[in-house]
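Modelling step: build the complete structure from the supplied sequences, incorporating the hints.
Residue-level listing of the chains:
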Amino acid sequence: MKTFYTVSIIGYGAYVPLRRIKAIEIARIWGKSEKVLPLEEKSVAALDEDTATMAVEAAYNAILRAKIQPNEIGAVFVGTESKIYTVKPTATVVAEALGITPTTLASDYEFACKAGTEATQTCIGLVGSGMIKAALAIGSDIARGRPGDELEYTAGAGAAALILARSGIYEDVAEIEGTYSFVTDTPDFWRREGQIYPMHYYRFTGEPAYFYHSREAALRLMNELGLKPSDFKYAVFHQPNSKFPQEVAKSLGFTAEQIKPGLLVPLIGNSYAASSLLGLTATLDIAKPGDRILITSFGSGAGSDAMSIIVKDGIESKRDLAPKTMDYITRRRYVDYALYAKHRSKYNK
Amino acid sequence: MGSPSYWREKVYRYRLIAKYCENCNKKYYPPKLACPICGNKELKEVQLPRIGTLITYTWVTQPTKDFATQAPYVVGLIKLDDGTLIVSQLTDVEIEELKDGIRVEAVFRRMFEEGDSGLIYYGTKFRPCLFSK
Numbered sequence: 000m001k002t003f004y005t006v007s008i009i010g011y012g013a014y015v016p017l018r019r020i021k022a023i024e025i026a027r028i029w030g031k032s033e034k035v036l037p038l039e040e041k042s043v044a045a046l047d048e049d050t051a052t053m054a055v056e057a058a059y060n061a062i063l064r065a066k067i068q069p070n071e072i073g074a075v076f077v078g079t080e081s082k083i084y085t086v087k088p089t090a091t092v093v094a095e096a097l098g099i100t101p102t103t104l105a106s107d108y109e110f111a112c113k114a115g116t117e118a119t120q121t122c123i124g125l126v127g128s129g130m131i132k133a134a135l136a137i138g139s140d141i142a143r144g145r146p147g148d149e150l151e152y153t154a155g156a157g158a159a160a161l162i163l164a165r166s167g168i169y170e171d172v173a174e175i176e177g178t179y180s181f182v183t184d185t186p187d188f189w190r191r192e193g194q195i196y197p198m199h200y201y202r203f204t205g206e207p208a209y210f211y212h213s214r215e216a217a218l219r220l221m222n223e224l225g226l227k228p229s230d231f232k233y234a235v236f237h238q239p240n241s242k243f244p245q246e247v248a249k250s251l252g253f254t255a256e257q258i259k260p261g262l263l264v265p266l267i268g269n270s271y272a273a274s275s276l277l278g279l280t281a282t283l284d285i286a287k288p289g290d291r292i293l294i295t296s297f298g299s300g301a302g303s304d305a306m307s308i309i310v311k312d313g314i315e316s317k318r319d320l321a322p323k324t325m326d327y328i329t330r331r332r333y334v335d336y337a338l339y340a341k342h343r344s345k346y347n348k
Numbered sequence: 000m001g002s003p004s005y006w007r008e009k010v011y012r013y014r015l016i017a018k019y020c021e022n023c024n025k026k027y028y029p030p031k032l033a034c035p036i037c038g039n040k041e042l043k044e045v046q047l048p049r050i051g052t053l054i055t056y057t058w059v060t061q062p063t064k065d066f067a068t069q070a071p072y073v074v075g076l077i078k079l080d081d082g083t084l085i086v087s088q089l090t091d092v093e094i095e096e097l098k099d100g101i102r103v104e105a106v107f108r109r110m111f112e113e114g115d116s117g118l119i120y121y122g123t124k125f126r127p128c129l130f131s132k
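From first to last, the protein sequence lines stand for chains A and B. For the first sequence, the tail end lands on 348 under numbering that gives the first Met the number 0, and the numbers increase by one without skipping. For the second sequence, the tail end lands on 132 under numbering that gives the first Met the number 0, and the numbers increase by one without skipping.
Simulated from the structure, these hints should not be mistaken for lab results. Since this is a predicted model, take the numbers as computed values, not measurements. Careful: at least some of the hints might be erroneous.
If you want a taste of the chain B side facing chain A, the calculated C-beta under 8 Å gives, among others [said to hold, decoys possible]:
#1 Y13
#2 Q69
#3 V106
#4 F107
#5 L129
BS3-like mimics (lysine-lysine), calculated; alpha carbons at most 25 Å apart, straight line [as the list claims (entries may be wrong)]:
#6 B/K64 <-> A/K345
#7 B/K25 <-> B/K64
#8 B/K43 <-> B/K18
#9 A/K21 <-> A/K66
#10 A/K132 <-> A/K66
#11 A/K249 <-> A/K232
#12 A/K1 <-> A/K345
#13 B/K9 <-> A/K87
#14 A/K341 <-> B/K64
Okay, the calculated bits of chain A under chain B, using three or more residues with CB under 8 Å as the criterion [to be verified]:
#15 213 to 227
#16 311 to 319
C-beta atoms are modelled at their ideal positions from N, C-alpha and C, and glycine is treated no differently.
Laid out in structure tokens, this is it:
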């Protein structure tokens, strides 16, 4: 998909909570083998953090880099599957905290782990049509995993934000070269109304869901743009665990070096709607002008958004205007399972 | 605290905005309706700096009901970089990391909630600066 006007990322920001729990500590509680753990450790949001607070910090960093006045932003979309209310938007809290209200669109997006890129696609459309000047897309999640379930090892927390505007008006960080969205009705993972924890069908998790949608979105985008994996300096895929993004990258012809900067899941877990966007912010932190980056999200239910972006000169002057993704990842404090349970409200009050 | 009053104050609580008296060159946070020195009611809204220095602090282990789940936590007296003094909850910090004079920065966090089905209240807390500032 392409827009009428060319659209660029003019600012980006990340946020990862301070606390971590090691997968080995979760395995200790449930008596699981240490040999089959899906990652090393995951991020744990504090009691006073939620999707809105993490979104605000990531977006605040994006605004610093964009060098834009908050009231110039005409849309705030928060992609998440951990809304702060079932009915009442997270986006209005975020927009108010950032000083973007009242003249703006504001809404929450839900599409499991691809809600953040879904929000990004909408922002690209709004800006690319000339309807608004600039838009803020956020992926923010505190993932939930039932105690003892496989998801508990990977369900992390984090947020990433992008500010998009028509190319050439602000100082561009990266230009959107093209996007492709690919969705089908596939029941790999869901959470029913009123349920705290999600359910998943192993039968659909791998090939029918993650691999099929990620691969098709990426391949079709590359075909549409006439590109091949070697044309990209970096690639980012959604990261539900350490194995899947490496396997899908390899199957498409990308090398380990291409995905290395954006592969964060071993250190922070699966941050759901923020996962692939955090991979992108980490990659932008080290990218150079002219580098082409492929980002492919995946959301259960199921679908993928693929985007090709080309890094612009603005990256050099903007990347140091806010904390980098790895700055948040390398500052960490470990908690044991008891404190983790307290911070994630797993005790009955 | 009831939701109407908190809602009226949300801009100040969310964004660290103070009221400023031009006559007395004084900033007030939390904001006041009138300057307590000269009585001026035409106070202007001004953005406070988001960074300051921790002057002193206390460790709260017996909180009020609204903050019970957050205990133990820290409340500090902070001198912002423009000289404004404010009292705020600190977050992402352990007691052994605290000392007078550390640099702190504002963050947007949950303050409290009205049980499991009521409203969630947000505001500004401070944490030790991520980097030296």
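Practice prompt. Determine which of the earlier numbered hints do not hold for this structure and return their numbers in increasing order.
Written response: 7, 9, 12, 15 and 16
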